[in-house]
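Peer 1: As a plain string of letters, each chain reads:
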Amino acid sequence: MTVSVENITFAYKHAQYVLNGISLELKPGTVTAIFGPNGSGKSTLLRCINRTLQPQSGSVTIENRRVNSMSHQEIARMIAVVPQDTPSDIPFTAAEMVMLGRFAHRTVWDHETAEDRTIMTQALVRLNAFDLASRPFNCLSGGERQRIILARALAQQTPIMLFDEPDTHLDISHRLELYKLVRKLADEGKTIFMACHDIFTAPMFVDTAVLLQRGNIHAMGPTNSVLTSSNIAEVFGTSINISWQHNLSFAVSLA
Amino acid sequence: MTTASRAKWLTAILLIAMLGVVVVSLAVGSVQIPPDQVLWRCLAALKGQITDDAVDRILFTTRLPRIILAAAVGSALAMAGLAAQTLFRNPLASPYIVGVSSGSAVGAVAAMLLISTTTAITFTAVPAFSIVSGLLVTAIVFLLGRRGKNLGYGLLLAGIAIGALCSSVTAGALYLAGERLQNLVFWLMGGFWRANWHHALLMVPVSACGLITLIMLAPAMNVALAGDRSAQDLGLNIKKLQKLLLIFIALETALAVSLTGIIGFVGLIIPHLLRLIIGADHNRLVPATAIGGALLMIVADTLARTLAAPAEIPVGILTAMVGAPVFLWLLQRRNLGRSVV
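Protein chains in written order, with this note's numbering: chain A, 1 to 255; chain B, 1 to 341.
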């Protein structure tokens, strides 16, 4: 499903604009990653897409349907979110936690079905987390928790997935695992949008990069045209040399 | 054993225990009736054969409605406690936290002072006044505390403040009116000695509807525990759920309190204890809580009317006497700060 973001602006109370007229399009089968310094508005933009934040102007549409006209449950049937942080004091087991992903597909009258349980198990297996199923969520390590949250998002079975800095608490090997999974999900036809800090490894798995600076899109397009030495210098205020070898890999050195 | 099958076993055991306790409770009292005779009389009654002798009158006019009322009130309070603990994401919340009970107490005082002290009128006016003022005070708490994306914090603070205000009014009235409010002292401590079939038949549908409502809300309540933001991502309108839970707590608690006074600790202890045993999944916790609350209340009320017979101990004293040490034990076991809803 295609997501169109048109000219949205957003400001928190008593604050300057965090998003300043952002427009972009997310296409099925592609990974779009958004880069930018802390506070540039990456997470805010993500939150506006699934309406957990309400933009002051502009619109978000999924296949020509405005997100504003949908209920939380309808949105959650189309968009799954892997949040930056999840409170760890949740009293569920890992399996129960993943089962929450099925909530969007419930009606008032039908509760947990065998199909829900199958989907929950598949999600856990896909994340190599089946052995964690009966462990209490609040006893898991940071990385394990992240896998369970990912499994929960998969169990939601949505055509669109948003990742809010999913790489924050992960070491390099877990990070690569995550990016590979993200790539695979896109190759299966999902629309993926990911807010990202890691400009060094993530680009290898990304189709379109967006560079955000103080609520404005500084550059957008194929990664090798967006993540260039000059753009990085302008947006992050730091100077490194990036030389792209071909579309997917590059060398970095201090300027 | 998985938690799911443990939950099934526990719920079944609670249910059987409750039936057993009902038989015992029917048997004991100022007139002891042998349990086998209780069973035969009950079977006969089910076939519609109720005689006019003393035994049947004690069983079916005095004891049974009282037991049924105790069960219905116990499960209503326990379910309201569970709803409050989920609404506030805090295992130490009770159904009285949003000000229903202190509001009801003010209504009861007003009824006793303003209308009459003759028992006949007071006994219908007190429930009516207390239910209205209990709901009214909850509505005020809601209006004061409704701001923000999550109702939890606002309601908690407004509930505590308004509750304290109402309690001071009640205490002031007690101080000034003294003996005229003897009834109120009994009412505040809670008890089932006024129980009759009217009360029982009023409370049972309320508790039954409450159980069905909470079973329907169980998946949403699970999602609510995942935190505000995640709950929205997962498709839950958290504020809507919180409003529903608040209405649920207000209705169940106001009716229970209006009929039987303020009975403490059932709403706090039962959901908390069961959560420790079978986990936090509301699909399992809701039915277990309803049965557990009923069971505890029947036991407490049976003790209340037999321990010091022929005198009655207010059941609120007994639940608190059992509840407070359990509560303290939980506090010792769990760190208050790290919530384990």
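Check before you lean on any hint, since a few could be wrong.
To be verified - Simulated pairs of lysine to aspartate or glutamate, DMTMM-like, Cα-Cα distance not exceeding 20 Å:
| # | chain 1 | residue 1 | chain 2 | residue 2 |
| --- | --- | --- | --- | --- |
| 1 | A | Lys-27 | A | Glu-63 |
| 2 | B | Lys-149 | B | Asp-228 |
| 3 | B | Lys-149 | A | Glu-112 |
| 4 | B | Lys-240 | A | Glu-74 |
| 5 | B | Lys-8 | A | Asp-207 |
| 6 | A | Lys-180 | A | Asp-207 |
| 7 | A | Lys-13 | A | Glu-25 |
| 8 | A | Lys-184 | A | Asp-198 |
| 9 | A | Lys-180 | A | Glu-234 |
| 10 | A | Lys-184 | A | Asp-207 |
| 11 | B | Lys-239 | A | Glu-74 |
| 12 | A | Lys-27 | A | Glu-144 |
Said to hold, decoys possible - Among the chain A residues that face chain B by a calculated CB cut under 7 Å, a handful are:
| # | residue |
| --- | --- |
| 13 | Met-70 |
| 14 | Gln-84 |
| 15 | Pro-87 |
| 16 | Phe-92 |
| 17 | Leu-100 |
| 18 | Ala-104 |
| 19 | Val-108 |
| 20 | Asp-110 |
| 21 | Arg-135 |
| 22 | Cys-139 |
| 23 | Ile-217 |
| 24 | Ala-219 |
Derived by calculation from the structure, the hints in this document are not laboratory data. Here a beta-carbon is modelled for each residue, glycine too, at the ideal position from N, C-alpha and C.
Peer 1: None of the hints should be skipped; say for each whether it holds.
Peer 2: Outcome of the hint check:
no.: 1; hint: Lys-27/A / Glu-63/A; verdict: holds, 10 Å
no.: 2; hint: Lys-149/B / Asp-228/B; verdict: holds, 8 Å
no.: 3; hint: Lys-149/B / Glu-112/A; verdict: violated, 28 Å
no.: 4; hint: Lys-240/B / Glu-74/A; verdict: holds, 15 Å
no.: 5; hint: Lys-8/B / Asp-207/A; verdict: violated, 50 Å
no.: 6; hint: Lys-180/A / Asp-207/A; verdict: holds, 13 Å
no.: 7; hint: Lys-13/A / Glu-25/A; verdict: violated, 27 Å
no.: 8; hint: Lys-184/A / Asp-198/A; verdict: holds, 19 Å
no.: 9; hint: Lys-180/A / Glu-234/A; verdict: violated, 29 Å
no.: 10; hint: Lys-184/A / Asp-207/A; verdict: holds, 13 Å
no.: 11; hint: Lys-239/B / Glu-74/A; verdict: holds, 17 Å
no.: 12; hint: Lys-27/A / Glu-144/A; verdict: violated, 30 Å
no.: 13; hint: Met-70; verdict: violated, 10 Å
no.: 14; hint: Gln-84; verdict: violated, 10 Å
no.: 15; hint: Pro-87; verdict: holds, 5 Å
no.: 16; hint: Phe-92; verdict: holds, 6 Å
no.: 17; hint: Leu-100; verdict: holds, 5 Å
no.: 18; hint: Ala-104; verdict: holds, 4 Å
no.: 19; hint: Val-108; verdict: holds, 5 Å
no.: 20; hint: Asp-110; verdict: violated, 10 Å
no.: 21; hint: Arg-135; verdict: violated, 12 Å
no.: 22; hint: Cys-139; verdict: violated, 12 Å
no.: 23; hint: Ile-217; verdict: violated, 24 Å
no.: 24; hint: Ala-219; verdict: violated, 29 Å
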